[in-house]
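Work the whole structure out from these sequences, hints included.
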Amino acid sequence: MTRNSRRVATKLRPPRLARALLVWSWPPNRRDEIVRDLDEEFQAYVSQERSRFGSRKWYWSQVCRSIPAALGARQRYRIRRQHMESSMAQQPILEELRQDISWAIRSFRRAPGLTVAAAATLALGIGANTAVFSVVQAVMLRSLPYPDADRLVRIWSANPRGIPQNSMSPADFHDLAEQTGTVFTAIGGYVSGDSFGMSFGTAGDGAPRRVLGATVTPSLFDVFGVPPAAGRTLIASDATGDGASVMLLSDGFWRRHFGANPAVVGQTLNVNGTAFTIVGVMPPGFSFPDPETEIWVPLGESWRTVSRSAHFLDVVARLAPGASLAEASARLDAAAAGLAALYPETNTGWGTTVMPYYDSLVGDARGPLLILLAAVSCVLLIACANVANLLLSHGVGRSREFAVRLAIGAGRGRLLRQVLTEGVLLGLAGGAAGLALGWLALGGLLSAITTDMPRLGEVSLDGRVLAVTTAVSIGVGLLSSLGPAFRAAATPPQVTLQVAAPAGSKRTRRLRETLLVAETALMVALLVAAGLLIRTLGTVNRIPPGFRADNVLLGNVSLPGARYDQAGRAAFFERALGSLARLPGVTTAAAGGPLPLSGSEGLARFGLLVESRTPDTDRNRAYLRRATPGYFEAMGIPLRLGRPFGPSDRPESVPVAIVDEELVRRQFPNENPLGKRVRPSNSRTWREIVGVVGAVRQTSLLRPADPHLYLPQSQMPTSTLTFVLRVDGDPDALRRPLEAAIGNLDPELPVYDVRTLKDLHHGATAAERTNALLLGVFAGLAGLLTLIGIHSVVRYFVSESMRELGVRLALGARPGQVLAFVVRRNLRLQLVGLAAGICLAWVGARWISGALYGVTPVDPATYLATSALVLAAGTAAAWLPARRALRIDPIESLR
Amino acid sequence: MRRGSLGEVEEIVLLAIARLGNEAYGMTIRREIQRRTGRNLAIGTVYQTLDRLLDKGHLRAGAGPAGPRDGRPRRFFALTASGASALKTSADARARMWAGVRLGRALNDDAQ
Numbered sequence: 001m002t003r004n005s006r007r008v009a010t011k012l013r014p015p016r017l018a019r020a021l022l023v024w025s026w027p028p029n030r031r032d033e034i035v036r037d038l039d040e041e042f043q044a045y046v047s048q049e050r051s052r053f054g055s056r057k058w059y060w061s062q063v064c065r066s067i068p069a070a071l072g073a074r075q076r077y078r079i080r081r082q083h084m085e086s087s088m089a090q091q092p093i094l095e096e097l098r099q100d101i102s103w104a105i106r107s108f109r110r111a112p113g114l115t116v117a118a119a120a121t122l123a124l125g126i127g128a129n130t131a132v133f134s135v136v137q138a139v140m141l142r143s144l145p146y147p148d149a150d151r152l153v154r155i156w157s158a159n160p161r162g163i164p165q166n167s168m169s170p171a172d173f174h175d176l177a178e179q180t181g182t183v184f185t186a187i188g189g190y191v192s193g194d195s196f197g198m199s200f201g202t203a204g205d206g207a208p209r210r211v212l213g214a215t216v217t218p219s220l221f222d223v224f225g226v227p228p229a230a231g232r233t234l235i236a237s238d239a240t241g242d243g244a245s246v247m248l249l250s251d252g253f254w255r256r257h258f259g260a261n262p263a264v265v266g267q268t269l270n271v272n273g274t275a276f277t278i279v280g281v282m283p284p285g286f287s288f289p290d291p292e293t294e295i296w297v298p299l300g301e302s303w304r305t306v307s308r309s310a311h312f313l314d315v316v317a318r319l320a321p322g323a324s325l326a327e328a329s330a331r332l333d334a335a336a337a338g339l340a341a342l343y344p345e346t347n348t349g350w351g352t353t354v355m356p357y358y359d360s361l362v363g364d365a366r367g368p369l370l371i372l373l374a375a376v377s378c379v380l381l382i383a384c385a386n387v388a389n390l391l392l393s394h395g396v397g398r399s400r401e402f403a404v405r406l407a408i409g410a411g412r413g414r415l416l417r418q419v420l421t422e423g424v425l426l427g428l429a430g431g432a433a434g435l436a437l438g439w440l441a442l443g444g445l446l447s448a449i450t451t452d453m454p455r456l457g458e459v460s461l462d463g464r465v466l467a468v469t470t471a472v473s474i475g476v477g478l479l480s481s482l483g484p485a486f487r488a489a490a491t492p493p494q495v496t497l498q499v500a501a502p503a504g505s506k507r508t509r510r511l512r513e514t515l516l517v518a519e520t521a522l523m524v525a526l527l528v529a530a531g532l533l534i535r536t537l538g539t540v541n542r543i544p545p546g547f548r549a550d551n552v553l554l555g556n557v558s559l560p561g562a563r564y565d566q567a568g569r570a571a572f573f574e575r576a577l578g579s580l581a582r583l584p585g586v587t588t589a590a591a592g593g594p595l596p597l598s599g600s601e602g603l604a605r606f607g608l609l610v611e612s613r614t615p616d617t618d619r620n621r622a623y624l625r626r627a628t629p630g631y632f633e634a635m636g637i638p639l640r641l642g643r644p645f646g647p648s649d650r651p652e653s654v655p656v657a658i659v660d661e662e663l664v665r666r667q668f669p670n671e672n673p674l675g676k677r678v679r680p681s682n683s684r685t686w687r688e689i690v691g692v693v694g695a696v697r698q699t700s701l702l703r704p705a706d707p708h709l710y711l712p713q714s715q716m717p718t719s720t721l722t723f724v725l726r727v728d729g730d731p732d733a734l735r736r737p738l739e740a741a742i743g744n745l746d747p748e749l750p751v752y753d754v755r756t757l758k759d760l761h762h763g764a765t766a767a768e769r770t771n772a773l774l775l776g777v778f779a780g781l782a783g784l785l786t787l788i789g790i791h792s793v794v795r796y797f798v799s800e801s802m803r804e805l806g807v808r809l810a811l812g813a814r815p816g817q818v819l820a821f822v823v824r825r826n827l828r829l830q831l832v833g834l835a836a837g838i839c840l841a842w843v844g845a846r847w848i849s850g851a852l853y854g855v856t857p858v859d860p861a862t863y864l865a866t867s868a869l870v871l872a873a874g875t876a877a878a879w880l881p882a883r884r885a886l887r888i889d890p891i892e893s894l895r
Numbered sequence: 001m002r003r004g005s006l007g008e009v010e011e012i013v014l015l016a017i018a019r020l021g022n023e024a025y026g027m028t029i030r031r032e033i034q035r036r037t038g039r040n041l042a043i044g045t046v047y048q049t050l051d052r053l054l055d056k057g058h059l060r061a062g063a064g065p066a067g068p069r070d071g072r073p074r075r076f077f078a079l080t081a082s083g084a085s086a087l088k089t090s091a092d093a094r095a096r097m098w099a100g101v102r103l104g105r106a107l108n109d110d111a112q
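In order, the protein sequence lines correspond to chains A and B.
The first sequence begins at 1 in my numbering and counts up by one.
The second sequence begins at 1 in my numbering and counts up by one.
I should point out that these hints are in silico values taken from the structure, not numbers from a laboratory.
Errors might be hidden in some of the hints.
Calculated from the model, a selection of chain A residues having no Cβ within reach of chain B, i.e. all distances over 12 angstroms [what the hints assert, rightly or not]:
no., residue
1, 264
2, 309
3, 331
4, 802
Derived contacts from chain B toward chain A, CB cut-off under 7 angstroms, selection only [to be verified]:
no., residue
5, 26
6, 43
7, 44
8, 45
9, 48
10, 99
11, 101
SDA-like mimics (lysine to any residue), calculated; alpha carbons at most 20 angstroms apart, straight line [said to hold, decoys possible]:
no., chain 1, residue 1, chain 2, residue 2
12, A, 758, A, 452
13, B, 56, A, 77
14, A, 57, B, 31
Quick reminder that beta carbons are idealized off the backbone N, C-alpha and C, glycines included.
If you want it as structure tokens, here you go:
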């Protein structure tokens, strides 16, 4: 008993459970009073040397016997509150909101630095989100500018070699169109400038220009259902025979070249030496299939008689009312099967693929955009965590204010609302600034996206972007003030009113540290993702393209068939190369094409036949390329065996060809290819192999090299070639001289796509560069915000622990030890955040694996480097404020 | 005056408040009653009674001097005129009832 009473005399708490029961049973208006009374009496009871057991029993009996009274008090309280509420109904929430807002503004004025820091942090996050979301909105969310756009579908031939999205032959197109009238109201085909290289030089208004145009079936305009702004669209009769010489203009072309003159309909325009009659003008916004498409001409029905293996038509269609995609697909497949039975030679194994037009347009852009959106969302969350931390630290300083408001009658719910209101106001301020930032950043973002993303021209800050930004602002305001609001509402009134300098509670500190860990984790995940993409870019940049990209200028010409026959083409290029070679600075002038990685290389791929071997043109395929003498030298493609083309290769001399290493590897693995005879399947002439050159990456750097067969332009002239000028010095300086030299030979012939070989090579890594650049920027932003967060948390920790650190110093700790203590504490948080971040990255990186090349999503080097970077930067960010601990004067801090 | 008639607990609570002067709040009232009468009222009952007396207008509550322990203001109770007169009425009624009552024999009977 003595043991008991001694313990009792020092400190004995009322039984916890009984106390909880007491708190729970009484209504709020009586709770505090009763709890305090009983606590007080309990202490008095205890101090009278009662037994611990007796005191507790007494307390329990008080609590239990008070329950009936408590229930009565509860009842009274409820009635009174209802009464008060009904009389308060006239003083609505709006009034309270107004008060909250004016309070919020006052508290911002008292802490302008904090307010600006918090709003600026949110503005960074919101701005990044606004910019990225504008792109997402324009590319992915905004509906297409056609009536009932969801009924539009895209149709392909499905190649039996496993390419589901192959262009269609005009013959197949017309047959399929006739047999699927029940499921489609209209079905249209087109040849875009890209896929066919068919473009138009216009003359008459000064220098020759190249215009991107599309050759289309007239039914295409029925598919889209967009009426013309002037004149008419193309009609079926325009397509008879080889197609009438009529054209339709885009709005942009009409404005630029005809000053928006409506009398333009009926005028003629000279295209490639032929006069075309303008029949109509399309409205602004209609740009199909490319944003730059400026004219449309009809595709003649005579194409229908051309071989079914000539696949060059892209197809769109509009589903008939009530027809589903599945029905359409079934109908198309049945029709394709019928064609395969009728034309087994060309159509065996060919099927169809059909997909909503929207998906075909946007599908590939979705992945990269979602990655970007995820990245900026992480940045925004980090910004939120930072602001929450700022507000928490600030909230500790304000606990006196909260306590006073509580004491004079504010409800805890009101305090909660007050802090949330402040958060929302901060969010809106950040949102307004963020909108401006986002608007500024949008230009940078668009120029950073160098890949072919559809609909980028439509990007703008429209109503939906504004609405989303507003919602996001309010959301982040609430999110970052949620923690501080609950801390404020939990302010213990009595403590704060007494103590002069309130310290943050343990729970506040824990919340702050949790936020820091969370933002570190997000930052780590973003850094890992950025690291993986940067390594991908590095790998791709190191892939040898097979040519030497420096110091080469390129320029394309396309000789119009009306003015240049076979002999004329050969003669033109000979004369042109002769004058180009004389330009100052040019070391080698040549021509060839299509060039590797140029975007127009995909098509000219033919079956390859080797003399005295069984033809197997399905498996033996090669890209067919033209080259003039000097082409390999100018491109920097190395000669491995034999000789390059030379002036001696004349039309009348022995037909020759040059092959590349890849073709040799596949066709002549252990033989000398020189002297062997080969031919492409589109020619009857056997050609002797006179040389072997290095392989080049043809369509993409990421695809392994494919076999190439080079033919001399002199022996098999083509109309479209690229000039390749290797120069001594800056290739860009030769742009004008190149154009002038060609203009001297043919003033009506435009030189187009003038660029350096380096640009071309650069373009092939656009996707990787875009990914690495943007994710790098966002990860950097995330890193910066997190470091600021670490800095402020550690700084707050130091100022909060002055006393503790002072004691340590007073007890003989060396300053270095105190510094280490602070930094180590932060390091612990960093390690937890790092571990969480690595888990997050490990899961998330699989998601971006489609954008990776030559590096696995779990690449250890990236993870290690990121970890090292994060720990080093995090420690540095902690070390700066931790040095304040060194300046602590132990005596001063203890006062 | 029927409305003003006091219940038994009400009466002793009023008396305790009168005795305590400016020291009357929930806990001291409860202790005063226990010390004087030995009745161990539940604190809840005390507050219930105080609420009822406040409703009747016999008491007024006000912030008194700060409590000894935690510095928060608390409710102190004091009699109002109506409370005082209610007590007086009750005491007078008792006095009149007591007049002439002799309990001697009955008490002795019980004791045996």
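Going down the list of hints, with the structure as the test:
At roughly 88 angstroms from the closest C-beta of chain B, the C-beta of residue 264 of chain A stays outside 12 angstroms, upholding its exclusion from the interface. Against the 12 angstroms criterion, residue 309 of chain A stays outside the reach of chain B, whose nearest CB is about 94 angstroms from its own CB. With a closest Cβ-Cβ approach of about 83 angstroms to chain B, residue 331 of chain A is found to remain outside the 12 angstroms limit, as its non-interface label requires. At roughly 26 angstroms from the closest C-beta of chain B, the C-beta of residue 802 of chain A stays outside 12 angstroms, upholding its exclusion from the interface.
Checking residue 26 of chain B against chain A: minimum C-beta separation of about 4 angstroms stays under 7 angstroms; hint holds. The interface hint given for residue 43 of chain B is met, as the beta carbon of that residue sits about 5 angstroms from the closest beta carbon of chain A, less than 7 angstroms. Nearest Cβ of chain A to the Cβ of residue 44 of chain B: about 2 angstroms, under the 7 angstroms cut. The hint holds. At about 5 angstroms, the closest approach between the beta carbon of residue 45 of chain B and any beta carbon in chain A falls short of 7 angstroms, and the interface hint on this residue holds.
Taking 7 angstroms as the C-beta cut-off, the interface hint given for residue 48 of chain B holds, the closest approach to chain A being about 4 angstroms. For residue 99 of chain B, the interface hint is violated, since its Cβ never comes within 7 angstroms of a Cβ in chain A; the closest pair sits about 36 angstroms apart. About 34 angstroms separates the beta-carbon of residue 101 of chain B from the nearest beta-carbon of chain A, more than 7 angstroms, and the hint is not met. At most 20 angstroms may separate the alpha-carbon atoms for a hinted pair to count; residue 758 of chain A and residue 452 of chain A meet this at roughly 18 angstroms.
Note on residue 56 of chain B and residue 77 of chain A: the hinted pairing holds, with a Cα-Cα distance of about 17 angstroms set against a maximum of 20 angstroms. A C-alpha spacing of about 17 angstroms is found between residue 57 of chain A and residue 31 of chain B, which places the hinted pair at or below 20 angstroms, so the restraint holds.
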